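J.: Sequence:
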Amino acid sequence: MFLQDYVEYLGFVVDQHGVRTSPLKTKAIIDMPKPVNISQLRSFLGMINHYAKFIPKLNDRLFPFYSLLKKDTKWLWNQHCDKAFREIKQYLISPQALTHYDPSVPLILAADAFNTGVGAVIYHRYSDGSEKVIAHASKTLTKAESNYAQIEKEALAIIFGVQKFDLFLRGRKFTLLTDHKPLVSIFSPKKGIPTTSANRLQRWAIRLMGYTFDIEYCPTNKFGQADELSRLPIEPDYMFDQQDPGEVQLVASIQQENQNELPLNAADIARQTRHDRSLMQVYHYILSG
Numbered sequence: 001m002f003l004q005d006y007v008e009y010l011g012f013v014v015d016q017h018g019v020r021t022s023p024l025k026t027k028a029i030i031d032m033p034k035p036v037n038i039s040q041l042r043s044f045l046g047m048i049n050h051y052a053k054f055i056p057k058l059n060d061r062l063f064p065f066y067s068l069l070k071k072d073t074k075w076l077w078n079q080h081c082d083k084a085f086r087e088i089k090q091y092l093i094s095p096q097a098l099t100h101y102d103p104s105v106p107l108i109l110a111a112d113a114f115n116t117g118v119g120a121v122i123y124h125r126y127s128d129g130s131e132k133v134i135a136h137a138s139k140t141l142t143k144a145e146s147n148y149a150q151i152e153k154e155a156l157a158i159i160f161g162v163q164k165f166d167l168f169l170r171g172r173k174f175t176l177l178t179d180h181k182p183l184v185s186i187f188s189p190k191k192g193i194p195t196t197s198a199n200r201l202q203r204w205a206i207r208l209m210g211y212t213f214d215i216e217y218c219p220t221n222k223f224g225q226a227d228e229l230s231r232l233p234i235e236p237d238y239m240f241d242q243q244d245p246g247e248v249q250l251v252a253s254i255q256q257e258n259q260n261e262l263p264l265n266a267a268d269i270a271r272q273t274r275h276d277r278s279l280m281q282v283y284h285y286i287l288s289g
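Residue numbers for the sequence shown follow the UniProt record's numbering, so the first one is 1 and each next one is one higher.
Just so you know, nobody snuck in bad clues.
Cβ pair distances, simulated, as ranges:
| no. | residue 1 | residue 2 | range |
| --- | --- | --- | --- |
| 1 | Q40 | E87 | 12 to 22 Å |
| 2 | R277 | D60 | 50 to 60 Å |
| 3 | N49 | P106 | 29 to 39 Å |
| 4 | V7 | Y285 | 29 to 39 Å |
| 5 | D268 | V7 | 32 to 42 Å |
| 6 | A28 | S130 | 27 to 37 Å |
| 7 | G210 | S67 | 34 to 44 Å |
| 8 | A144 | S288 | 46 to 56 Å |
| 9 | N78 | S127 | 47 to 57 Å |
| 10 | L167 | N147 | 29 to 39 Å |
| 11 | L69 | Y217 | 34 to 44 Å |
| 12 | D268 | V36 | 52 to 62 Å |
| 13 | Y126 | R170 | 16 to 26 Å |
Don't read these hints as lab results, they were simulated from the structure. None of the values given here were measured: they were computed from a predicted structure. Backbone N, C-alpha and C fix where the C-beta goes; we use that ideal spot for every residue, glycine too.
Please model the complete structure; the sequences and the hints are all you need to start from.
T.: Next comes the structure, spelled out in structure tokens:
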């Protein structure tokens, strides 16, 4: 479609300012009666999942439904379920609009761990000090992850956020926010791999070295964007439980060899490309067409 102020696509309204939900598509959810069995509840959660990134603290709001989804559990729709059901619908009536990604605007990634999972939010910070969300993401903790120390849960939130929004983050500089102060030192790109930290934190520090970022501490009471995380409980993601043999071996080798052997980042690649004749020819061919 051309010469239109906005476009409706897959249940969303897209315009020059950002993305919001389509009233026509969300009406079916808003008009939906209370579920009376597990099948209807799962249908409701499935529809909510499509708009999860618009609803703040969704994981917390859906918590009353968790027990109803367990196997061999008697169906009991209580007042907590009723309250959560109404609140979620209310957010769909007046949802938060999400802004478009702009490579010229400073980019922030805030990550946080909570009781049942981890979440991240990526947003722009404009010159006037205003902030606009691009997207929210979250995952529930696996059984193994729920036994992590708090510092590891907070670190897991960062790794989840970076991997979830990799397409936005890789190849450009961004700011990483955490409300867990020890992680600022452990994950700082200026200090190298923390050899005294637990192996899991070392592996995650290595993953982050492929990105260009500054990491900052933000007190919990000022961690506004992270408090608005969209926390939808999804199927557990086991990728963080599995130790990659290659990563384990890399940790051991880094502890013994020079820091110059650490993974390259985009700036290093660009700098070395300028000294390679063949690659510079390719570079000029691309620019000149």
